[in-house]
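Q: Using the hints, put the two standalone chains together into the complex.
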Amino acid sequence: MSALSHTVADAVTVTRRNLIKIKRVPDLLVFTTLSPIMFVLLFAYIFAGAIGEQNTGVDYKEFLIAGIFAQTVVFGSTFTGFSLAEDLQKGFIDRFRTLPMSPSAMLIGRTMSDVVNNVISLVVMGLTGLLVGWRIRSNPLDALAGALVLLVFAYAISWIMAYVGLIVRTPEVVNNASFIVIFPLTFIANTFVNPETLPTVLKNFAYWNPVSSVTQAARELFGNTNPNFPPPDVWSLQHPVLYSLLWSVAVMAVFVPLSVRQYQRTTSR
Amino acid sequence: MTDAVEAEGLVKVYGSGDGEVRALDGLDLRVAEGTVVGLLGPNGAGKTTTIKVLTTLLVPDGGRASVNGTDVVADPAGVKRTIGVSGQYAAVDEYLTGFENLDMVGRLYHLGAKAARERARELLAQFDLADAGDRQVKGYSGGMRRRLDLAGALVARPPILFLDEPTTGLDPRSRLGMWKVIDELVREGTTLLLTTQYLEEADQLADRIAVIDHGRVIAEGTADELKDQVGGERVEVVVADAADLGRAHEVLGGIGIGEVGVDDRTRRVTVPVSGGASVLVEAVRRLDDAGVTVSDLALRRPTLDDVFLTLTGRSAEEIDDTEDQQPSTEEVAS
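Residue numbers (the numbering used here), protein chains in the order written: chain P, 1 to 269; chain Y, 1001 to 1334.
Okay, chain Y solo, but in the shape it has when bound (with noise of 0.2 Å):
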């Protein structure tokens, strides 16, 4: 299979002297036709730029890439051509009608105005808009104004679709939705590469999924692969007095198959298991058995945070925390 998009080295640097941030560190990718990569990382970490780096927004400063064979840099004009952006923003002009976001999409394509009225019908009927397609966008909900601004990205049908936090911010119900729509989509053989906070987002929508952190992807593979990594599930005890979290250290030491993680602050207590509910019952047995009073407890999957932990031994909140006091790459970038 040949990829659809091959990156090497991309290096991104915003800023200089002090203030200097690397939004792109030498970022290898590849995404492979027809299928869907997940780019999973937390605020900061180079989603964003890499994303625009491939959709010739950005010029990288470093490294080489390329969309469907055509280099972005030499020819991004070539590139345009064949691939479809929806931002983390839904960039639809609230004045217009559903429609005339479209058709105004379809006519920047060149498609003609017959073909863009047509095919901007034809996407609000796919995306559920139908009714909704003669009104002014402002009065779309957030979830409608996303469908809308996807939409605008597959205008002239193409093989390549980039989505930058397509369910960022939209209720739960909208992202369900958004995942349908995104779904099917790739069921008719587009290549996605598509970024994400949210793990189970990536498991959802991706064949493959790379972790990236500070402008480097940090793990690539399937979300089963990437699960095992992080040590697949895990129980989760909260002691109800900080003087038995020895004790509570030791019972689930002779439960799990890795290493324990004690946070005194919170009183946790954290250890990868495998055998699903029964370990649970074990471990609430041993516990008790122990004499140690349990405030809460539970069986956990791994989360982006455990996957963060596991790779780079900090959280993802951590990384949030840290880069909410300087400036985020998210926010220098550009």
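Just chain P, with the same shape it has in the complex (with noise of 0.2 Å):
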């Protein structure tokens, strides 16, 4: 067999194993689908009114959706580290390290299994989203572009992560510090609010955010954009798709060699 081969193989086999886990902890998944719908519904009801309609003259929960799409699954890769750090401290990744396995397999097999999480997240948003009366207004096949756009954001993230997990090295920090990252950057952002509401250096940081074009990205391709409420003026958010791939192959060009290079020379305590 081939490097390439071995590779494939070996990450199929770490991506079979944590999947397990996500069928047999079923405590995980009933969480992992919990917080989206909670999400959901928080914002829908909570915020609709106060900066909804009769403010912006825009549905809010259409708007709304992308935008909690985005930040679920951008919570959804701090998986990613916390399971590698936890991993690290349990010994095992010493045991992989010590297979003639091949050294990315482990990473790509953590990484892949967290694309079926945020796939279920996915999923269980989009049917809480319909029942409070979120539509797709375009055609399946874009919808199906926007939810891609949104998985190869948070894969790129997840490779963020698993960086951080094995630098961190305690799964529990790895959460909060993720945390403390996270939600700022999900804020400062397109996701819950109108940009242009916001004083001028976080406006010009929501503007140029990835997270902010992630958004758009799959506001436009649901076709839940409206016409009374354009895009500002930015390149980034003039071409959100383009802008969203960039980011995400910016950040995989260089967090995966570095979160390899790393996994080689780190073993538990």
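It should be emphasised that the hints constitute simulated quantities derived from the structure, not laboratory data.
Because the structure is a prediction, the values reported are computed rather than measured.
Hints may contain errors.
[Claimed, not checked] Which residues of chain Y face chain P? A few of them, derived with a C-beta cut under 7 Å, are:
hint, residue
1, L1057
2, L1058
3, V1085
4, Y1089
5, Y1095
6, L1096
7, M1104
8, L1108
9, R1175
[Stated by the list, open to error] Okay, derived cross-link-like pairs now, DSSO-like style, lysine-lysine, Cα gap no bigger than 27 Å in a straight line:
hint, chain 1, residue 1, chain 2, residue 2
10, P, K90, P, K21
11, Y, K1138, Y, K1180
12, Y, K1138, P, K90
13, P, K21, Y, K1180
14, P, K90, P, K23
15, P, K23, Y, K1114
The beta-carbon is built from N, C-alpha and C at its ideal position, and this holds for glycine as well.
A: Right, here's the structure in full:
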């Protein structure tokens, strides 16, 4: 077998191991799916009245869903760091590293199984969204493309999280640390509010924040944009799909080699 | 006989400046093919770091090491193909069954799906886990997890095996079970390097023992050779009244074959002897004659503590105590 087919086979083996865990620990799946449901319901009913139609002329639920999708899949990617830190702590990475397996397979397997997690969240959120009145107004192909942009971006972020997990090493700390970064990242954006309303510094951050472009891309592809509310005239939000994919590629170009290198020199305490 | 494992002048330093810990400080080690070497030492001595360097988990800062003639730094992938490793903590997946754990390892060794399944079943049977094989590991006892972890190290039938404290944390019965399993492996010709904190364990399993302290091998030999260095058996007396310590010292000096050790705090007097139980009887008689009231008296075989006391002038307990206050090597290690 060639090196590449070894890597693929090993990654499949590791992915399978991680997916078995999703199946055997139902609590994990319950919480993976409950929090997106909670977010959709909270935002749809709490914020919709306050910043909804009467203020913007836009159906807030339509506006909101893509933002919640983006926030949830980005948060979902922290699970990659959490799980790797846990595997490291339990000596599991030591065991894998003494096997003649491909060094990147462990990380590919981890990030791939976290894509499955995110797909589950997206489906659950989509169904919840449909229940509260959100609709896809484009066509199925575009909607699928929207979901893909979200998943690709989240996949790239999970490589950052992989690196963080291998450096920080304590699962709980990985969670808290990433929360502090991801919360502002997903709020200082066009996810839940119109960025025009933000102070200048935050506004510019929101314009160029990739979470904004991912959200904008999903909105457009789901057909949830509104002519009364065009995106700001900045390149990132005028070309949201391209800008999101550029970020995803750039993040992976940096963090895939960095994480693999870190993995190869990491060992338990 | 060729050497399956060879290490020369290994150095591994963690941290820098004041926090610098020399986990390995010029460690030399040889394991001849088909033999068992026990690496004996207290926590923080550098045992785990040694295993990690030899199994390619850590790159040493100095020195060189080879396994089966392959350099661990130059060709880690080559080393991995000839070794099996079981770490200090049973690295088995709680949520997989025993079978799934071994099957996964087999696949990662690229045995092929069918061969991986067959090997997994075979090992479960060999390690007395056949009945539990299809249950999730989270229901396993500590001993069962350790056996499964060891089975994982054997999936590809490696000629060289590394076991890091294979029985630490196990109850006495599981420990005996583990010894039996390891003993059988070794009889089939596997080369084994194991680490342990217990002289008894090294004694039971190893052909040769290397005593390690502060990242260096400070003594090496067969169990008997080491015990001879320590002075074999010793008589240990605890006097009821501290005022009797001087007289007890004198009496034991008369029957011993080495220097008498006195610990004022515990009122304990110790002396190396030869001759077994008869010396003990003699000691009782003479102490009685001298009017010394004894609260405890025993003939002891050497322990790891004795080996350490003799080789380093400190007890293993003291070493552990001082290293609890600073980060121990194992904690910094990583």
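Q: Look at each hint and say if it fits the structure.
A: Against the structure, the hints come out as follows:
The interface hint given for Y:L1057 is met, as the beta carbon of that residue sits about 4 Å from the closest beta carbon of chain P, less than 7 Å. Restraint check, Y:L1058 versus chain P: the minimum CB separation of about 6 Å is within 7 Å; hint holds. Interface hint status for Y:V1085: upheld, as the beta-carbon distance to the closest one in chain P is roughly 4 Å, under 7 Å. Hint status for Y:Y1089: holds, given a least beta-carbon distance of 4 Å to chain P, under 7 Å.
Below 7 Å, beta-carbon pairs count as interface contacts, and Y:Y1095 has one with chain P at about 4 Å; its hint therefore holds. For Y:L1096, the shortest C-beta to C-beta distance to chain P is roughly 6 Å, which falls under 7 Å, so the interface hint holds. For Y:M1104, the interface hint holds, since its Cβ comes within 7 Å of a Cβ in chain P; the closest pair sits about 6 Å apart. The criterion of a C-beta within 7 Å of any C-beta in chain P is met by Y:L1108, whose closest approach is roughly 4 Å, and the hint holds.
A distance limit of 7 Å between C-beta atoms decides the matter here; for Y:R1175 the minimum to chain P is near 20 Å, and the interface restraint is violated. With a C-alpha separation of about 15 Å, the suggested pair P:K90 and P:K21 falls inside the 27 Å cut-off, and the hint holds. Of the pairs offered as hints, the one joining Y:K1138 and Y:K1180 holds, with about 24 Å between alpha carbons and a cut-off of 27 Å not exceeded. Note on Y:K1138 and P:K90: the hinted pairing holds, with a Cα-Cα distance of about 13 Å set against a maximum of 27 Å.
Taking the CA atoms of P:K21 and Y:K1180, the gap is near 33 Å; set against the 27 Å cutoff, the hint is violated. Using a Cα cut-off of 27 Å, the hinted pair P:K90 and P:K23 holds, with the two alpha carbons roughly 20 Å apart. The suggested pairing of P:K23 with Y:K1114 holds, with an alpha-carbon distance near 24 Å, which does not exceed 27 Å.
Checked against the numbered hints above, the structure violates hints 9, 13; every other hint is satisfied.
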